[in-house]
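Could you put together the complete structure from these sequences and hints?
For reference, the chains in residue letters:
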Amino acid sequence: MKKYVRPLWEFKITRKIRNLIVFKDNFRRWPLERNYLASDLFIWRTDNGLSTVFKSNNILFDYYSVDSYLKIVFYNKNGKYIRELDVDFVEGLGEILIHKELLGCEDYGTFCVFNMPSGELKQEVKIINRCYVGYGRGKCLSMMHGNLVAVMVNPKVPGERVVKNIKSAVFSRKTEKKYSIQSPFYSGFTHSLLFSNPSDIAILVNVNGISYQIESRGCNIVTPKFEGDCGKVEIVSDFFYPRPLVITENEKFVDCYHA
Amino acid sequence: MNFFFHTYTKNYSSRLAIPKFRNDSRKATSMTLFSARIVKERWAVEEEVCEGNDNWWIVDANENNKDDIYFIATLAQARLIKEKNTLIYLNSFTNTSPSFRANLQIRTCSGAFSSYQAEYPFRMFNKIGSVYSDCGMLTDGNAEKVGCFVRNISSNPILSDHKFYLYSNAHRALLSSFELKTNSTNFIDLTPWKSELKSSFIFVEGMLGGPMYVCEYADGNLSFEHTHPPQDCIRGSNRKELVKKLKDRFYEKIRTSLVGI
Numbered sequence: 001m002k003k004y005v006r007p008l009w010e011f012k013i014t015r016k017i018r019n020l021i022v023f024k025d026n027f028r029r030w031p032l033e034r035n036y037l038a039s040d041l042f043i044w045r046t047d048n049g050l051s052t053v054f055k056s057n058n059i060l061f062d063y064y065s066v067d068s069y070l071k072i073v074f075y076n077k078n079g080k081y082i083r084e085l086d087v088d089f090v091e092g093l094g095e096i097l098i099h100k101e102l103l104g105c106e107d108y109g110t111f112c113v114f115n116m117p118s119g120e121l122k123q124e125v126k127i128i129n130r131c132y133v134g135y136g137r138g139k140c141l142s143m144m145h146g147n148l149v150a151v152m153v154n155p156k157v158p159g160e161r162v163v164k165n166i167k168s169a170v171f172s173r174k175t176e177k178k179y180s181i182q183s184p185f186y187s188g189f190t191h192s193l194l195f196s197n198p199s200d201i202a203i204l205v206n207v208n209g210i211s212y213q214i215e216s217r218g219c220n221i222v223t224p225k226f227e228g229d230c231g232k233v234e235i236v237s238d239f240f241y242p243r244p245l246v247i248t249e250n251e252k253f254v255d256c257y258h259a
Numbered sequence: 001m002n003f004f005f006h007t008y009t010k011n012y013s014s015r016l017a018i019p020k021f022r023n024d025s026r027k028a029t030s031m032t033l034f035s036a037r038i039v040k041e042r043w044a045v046e047e048e049v050c051e052g053n054d055n056w057w058i059v060d061a062n063e064n065n066k067d068d069i070y071f072i073a074t075l076a077q078a079r080l081i082k083e084k085n086t087l088i089y090l091n092s093f094t095n096t097s098p099s100f101r102a103n104l105q106i107r108t109c110s111g112a113f114s115s116y117q118a119e120y121p122f123r124m125f126n127k128i129g130s131v132y133s134d135c136g137m138l139t140d141g142n143a144e145k146v147g148c149f150v151r152n153i154s155s156n157p158i159l160s161d162h163k164f165y166l167y168s169n170a171h172r173a174l175l176s177s178f179e180l181k182t183n184s185t186n187f188i189d190l191t192p193w194k195s196e197l198k199s200s201f202i203f204v205e206g207m208l209g210g211p212m213y214v215c216e217y218a219d220g221n222l223s224f225e226h227t228h229p230p231q232d233c234i235r236g237s238n239r240k241e242l243v244k245k246l247k248d249r250f251y252e253k254i255r256t257s258l259v260g261i
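Here the protein sequences line up with chains H and S, keeping their order. When we follow our numbering, the leftmost residue of the first sequence carries the number 1, and every step to the right adds one. When we follow our numbering, the leftmost residue of the second sequence carries the number 1, and every step to the right adds one.
Hints listed in this document are in silico derivations from the structure and should not be mistaken for laboratory results. Each residue gets a CB set at the ideal place from its N, CA and C atoms; glycine is no exception. A portion of the hints provided could be inaccurate.
Unchecked claim - Computed spacing ranges between beta-carbons, pair by pair: (1) 51(S) / 138(H): 52 to 60 angstroms; (2) 171(S) / 223(H): 28 to 36 angstroms; (3) 141(S) / 123(H): 30 to 38 angstroms; (4) 161(H) / 240(S): 28 to 36 angstroms; (5) 50(S) / 154(H): 27 to 35 angstroms; (6) 161(H) / 141(S): 34 to 42 angstroms; (7) 32(H) / 50(S): 39 to 47 angstroms; (8) 123(H) / 51(S): 51 to 59 angstroms; (9) 49(S) / 107(H): 43 to 51 angstroms; (10) 232(S) / 90(H): 56 to 64 angstroms.
What follows is the structure in structure tokens.
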């Protein structure tokens, strides 16, 4: 039955009707698009001696046999555009080290990554880049994978016009979401929660009773307060997916993961 | 329903912190933590006695329990696994969005640590497939040691063997192969090939399980994370077909190498 219904679901008129009807709990805009290159809104850090690395496989080539490169767009923590970079794949791996010299600052912000076709793309594609980001000092980087389908661009947009055509892959509707982090926060370590905001409007996150605003395409780093060992963190937000990255460190070691 | 597991070797200790609450704060009031292991081709299920507090069950791995799996259930539900001698869907407590996860942390004796939020969903237990993973994403030629955990959980209490292949795209050659077991946490030391991993991939025939890569650096720092399954990179009605083509293409490289040996 599904194989007969699905083509109808993809008709232009059906798509328009679907876009008009926004189901109450559906915040994901990207499934309604026919053709997209999507990305997480990753977080970069060059503050406090940290560097950030990003690695991606050549998704367009692996699945569609289309040569491609990575278009990386950087924003500051307030969501303002900083710069963009094109990175080629070498033996199937696209990699960039993000350090203070690259961005001209010791700070933090966000970035998104699109697998751009090198030539003409003759087919519709639906690519999601939630590849791998790592944080650390020197050459020792703790890696983690991407989290959310956050922003997207039409694959037909030429590379030089990508920045102006990036749109949020999630609907910018406010809600009330409570999220308890399922990881114990042991005492004796510094824990940082990193939130990014891919929507088109500012969002609020409340972490254990303290509220923070995050601008569109921006991010914030929160150091939660809790008592005792194995502390618990509870988040309340008007964004539907307030799941942060966690960086836990002591004077010698750095660890990162999704909360 | 999600299950949980350890990643333990003689060099990496493993600590599981399983929350007694969902990420929407609802608590597991009438349920507790159980472990299951295979003993003479039968599932042996026990209530897990472990450290913890009001919010967490904390289970440290050792040589004895390193292949155990853990789940949250009532006593009556847990008994069903023993009676039927197969892992079955017991309750929906861990069915949440975002996913219900435990913190899986590895540590070294120098005090280094790395973790990720881990779970093994029930829907994977009876699926037959193969594993493909690009080694270049989560390995580093600058690390002192590099390894890969592959954990499998299957419904029936069987330990069967499956081949793990390491293939270099740059050299167009099979680098090595190993035997993995179902219902086990397998660890492959990839250190001898760490400088090749940037352009290599792993392939496991006939068994599912997410590869988890660990890198240990000279200063002790660790990296520990799993790769996305191939189907997570694309969407669309032809996704299954594209993933199958991808896996077939990579398996053909391995098969060609094996024939040439």
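Against the structure, the hints come out as follows:
1. 51(S) / 138(H): 52 to 60 angstroms: Cβ of residue 51(S) to Cβ of residue 138(H): about 34 angstroms, so the range 52 to 60 angstroms is violated.
2. 171(S) / 223(H): 28 to 36 angstroms: For residue 171(S) and residue 223(H) the Cβ distance comes to about 47 angstroms; the hint is violated.
3. 141(S) / 123(H): 30 to 38 angstroms: 35 angstroms, holds
4. 161(H) / 240(S): 28 to 36 angstroms: 33 angstroms, holds
5. 50(S) / 154(H): 27 to 35 angstroms: 51 angstroms, violated
6. 161(H) / 141(S): 34 to 42 angstroms: Since residue 161(H) and residue 141(S) have Cβ atoms about 37 angstroms apart, the given range 34 to 42 angstroms holds.
7. 32(H) / 50(S): 39 to 47 angstroms: 45 angstroms, holds
8. 123(H) / 51(S): 51 to 59 angstroms: Cβ of residue 123(H) to Cβ of residue 51(S): about 54 angstroms, so the range 51 to 59 angstroms holds.
9. 49(S) / 107(H): 43 to 51 angstroms: Holds, at about 48 angstroms.
10. 232(S) / 90(H): 56 to 64 angstroms: 23 angstroms, violated
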